[in-house]
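Peer 1: As given, the protein sequences belong to chains A and B, one line each in that order.
Once you know that position 95 of the first sequence is 95 in the working numbering, the rest is easy, because the numbers rise by one and skip nothing.
Once you know that position 31 of the second sequence is 31 in the working numbering, the rest is easy, because the numbers rise by one and skip nothing.
Calculated directly from the structure, the hints in this document are not laboratory data.
Beta carbons: idealized from backbone N, C-alpha and C, even for Gly.
Wrong hints could be hidden among the right ones.
Partner residues aside, some chain B positions facing chain A, computed with beta carbon under 7 Å [said to hold, decoys possible]: (1) Pro104; (2) Tyr105; (3) Val106; (4) Glu107; (5) Asn131; (6) Leu134; (7) Leu135; (8) Lys138; (9) Ser141; (10) Leu142; (11) Ser143.
Below 20 Å or equal to it, Euclidean Cα-Cα: the simulated EDC-like pairs (lysine to aspartate or glutamate) are [said to hold, decoys possible]: (12) Lys100/A - Glu130/B; (13) Lys100/A - Asp124/B; (14) Lys229/B - Glu130/B; (15) Lys138/A - Asp144/B; (16) Lys100/B - Asp124/A; (17) Lys138/B - Asp144/A; (18) Lys29/A - Glu186/A; (19) Lys100/B - Glu130/A; (20) Lys198/B - Glu185/B; (21) Lys204/B - Asp169/B.
There are 2 protein chains.
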Amino acid sequence: MPEWIYPDFEPLPVRPLFLCVISNTDTGKIPGLSAAGTTPELTDYTPGADAELVETNRIITMPELPEAPGGSPTPAIVTKAALNLTGIPSMFVASGLRKKPAVPYVELGGAAGSDIRMSSALPDARTIYENAALLGRKLSSLSDCVFIGESIAGGTTTALAVLRALGYDCGVSSSFQSNPTALKEEVVAQALRRAGVKQGDLRKDPLKAIEEVGDPMMPAALGLIRGLKGCRAVLAGGTQMAAVLALAKALAIEGDISIATTKYIIEDRSAGFKEIVESTGRAYYYADPGLERSKIPPVQIYAQGYVKEGVGMGGASLLAGIHGISQDQLVEETDRVLMTVELPKK
Amino acid sequence: MPEWIYPDFEPLPVRPLFLCVISNTDTGKIPGLSAAGTTPELTDYTPGADAELVETNRIITMPELPEAPGGSPTPAIVTKAALNLTGIPSMFVASGLRKKPAVPYVELGGAAGSDIRMSSALPDARTIYENAALLGRKLSSLSDCVFIGESIAGGTTTALAVLRALGYDCGVSSSFQSNPTALKEEVVAQALRRAGVKQGDLRKDPLKAIEEVGDPMMPAALGLIRGLKGCRAVLAGGTQMAAVLALAKALAIEGDISIATTKYIIEDRSAGFKEIVESTGRAYYYADPGLERSKIPPVQIYAQGYVKEGVGMGGASLLAGIHGISQDQLVEETDRVLMTVELPKK
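So here's chain A without its partners, still in its complex pose (with noise of 0.2 Å):
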């Protein structure tokens, strides 16, 4: 095992495919609340952009490539690199998602998420969940190992909102450097109120928590570990993936499930990833894709926290390190990547 992976992740997959929930949520155009995407009004099509960058390394929905304010480039472009190395095929499913990538994708029915402080979150988290687990059933007789990633813009922040309706004290990481974690509180402390829920009230039913003040990624990342029982089950992802396995835990989903990341996941002090997924009794995972390596200061920066995870980006860059890529490789590659996006014409 190379020892930017932690701890070892055994056995190898024999037939590992990666999937990675897309989804759409009102919550996430709340001004200041995600980094992902350059205005809110664009965050809308920044899963779509990043189905489009790992299936093809083009940018067609989207005018321009998803990255934060500050300039960072999205994950996908990590993810990307490793699946490249590796040949490990890829495959995202849209829940709830808006705006369509134009490259095959498995859907899953739904409508976006709305603004958790307006109205409930999705009244139709159930079917989602059956569909999903629909999927994750065919999915399990095909391959021994599926890794489960998103792009959501605002799910930490609906990820947070489940945690407290689950009875969870701990925080949750950003897309900013500078996490925004009073506003975050503040949104959450207001669907709560909206939806007449007060902390750890929807221990017992998480369905709820999640149509009242979730998103559509849940229900989704949830059916599909449920469906596919018999085979192994990586979140890939951090503080969002986590909440999905506190809600897996409280929803008595059973089989082989854990969970990967970023190293900037794990050193983030604003959030209790750790904490979140010690307390579900599942292990974790986590990769050091060596991103200061890069010859691209806005990629450089994802070591300083910035961006952090996305896209599944941990899980990927552990799958290529499993598979005998090196740190370097996957740096080059994801520099290589990142210079040869295709962009729409202006």
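Could you slot chain B onto chain A? The hints should help.
Peer 2: Structure of chain B alone, referenced to chain A:
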């Protein structure tokens, strides 16, 4: 090998996958042309309803069970029975589909095909072809043997048009017992005149033949088999899929490609299934689902040449047979599926 499967299908697939391309074409709405729906308007909903039936045994988005004007139910019931009995995973693939199913499916994009008498069939055949090839490449690392069925009302007429454009002289099958051959030939003649194409003119430009007089199922099936190179690809259908084989030959697509259908197609004297397939040099297989033994008269009459094929019924039956399912079990399960399918409340 059971005696109702011809000839031996070997070796036994290890991780088979059953795909079904679902598409719409306005050519299917020409009165009298297709039996896939009780009225031309309803044919738009048939492919999605077939997906819903196979995935959940429920019809969700169509007001009734898809059936032929004579009352024969959709061949999806046989496919569903075969997949139930074998546990083989299915995945529906939308290409130019107007009415989307309420179950998980893969989206390839593209608009529904137009009435080939009036305008070019589909302008985006190349995009669908490339998207499908991308999907095929992914699936080739998960499965060793992929069956590809279709559900597209009106598809035999567009198949006939494409065959003529490629220079083939023979006929195609029909979902009606009495093939409306004269009407089909008239529609095809009008379409070729409109496109300024004479028989055989597009022998060397198969994608142009699809764009002018084909339908959106064709580039999807072709892209899939191209992407599946290195894996066994079996087209599951009658003369529509034979036309895809002819297109694949013209495109010089390589790989382990064959076709599987029902005995009802093989026995159809109005159509040149064998002739087309033999000219492509590819192997064909067929299964006799034995539906004359059904307890339900509208299913029994399949054996008299109603419906004949669709939703990969022949290929799915073959998969059941090679997995040790008897003809009696398949018929019994087909009846059970039909008797238990959940319909929308009126």
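Peer 1: Take the hints in turn and mark each one as holding or not.
Peer 2: Tested hints:
{"no.": "1", "hint": "Pro104", "verdict": "holds (4 Å)"}
{"no.": "2", "hint": "Tyr105", "verdict": "holds (6 Å)"}
{"no.": "3", "hint": "Val106", "verdict": "holds (5 Å)"}
{"no.": "4", "hint": "Glu107", "verdict": "holds (5 Å)"}
{"no.": "5", "hint": "Asn131", "verdict": "holds (5 Å)"}
{"no.": "6", "hint": "Leu134", "verdict": "holds (6 Å)"}
{"no.": "7", "hint": "Leu135", "verdict": "holds (4 Å)"}
{"no.": "8", "hint": "Lys138", "verdict": "holds (4 Å)"}
{"no.": "9", "hint": "Ser141", "verdict": "holds (5 Å)"}
{"no.": "10", "hint": "Leu142", "verdict": "holds (4 Å)"}
{"no.": "11", "hint": "Ser143", "verdict": "holds (6 Å)"}
{"no.": "12", "hint": "Lys100/A - Glu130/B", "verdict": "holds (17 Å)"}
{"no.": "13", "hint": "Lys100/A - Asp124/B", "verdict": "holds (17 Å)"}
{"no.": "14", "hint": "Lys229/B - Glu130/B", "verdict": "holds (14 Å)"}
{"no.": "15", "hint": "Lys138/A - Asp144/B", "verdict": "holds (15 Å)"}
{"no.": "16", "hint": "Lys100/B - Asp124/A", "verdict": "holds (17 Å)"}
{"no.": "17", "hint": "Lys138/B - Asp144/A", "verdict": "holds (15 Å)"}
{"no.": "18", "hint": "Lys29/A - Glu186/A", "verdict": "holds (15 Å)"}
{"no.": "19", "hint": "Lys100/B - Glu130/A", "verdict": "holds (17 Å)"}
{"no.": "20", "hint": "Lys198/B - Glu185/B", "verdict": "holds (14 Å)"}
{"no.": "21", "hint": "Lys204/B - Asp169/B", "verdict": "holds (16 Å)"}
Of the numbered hints stated above, none is contradicted by the structure.
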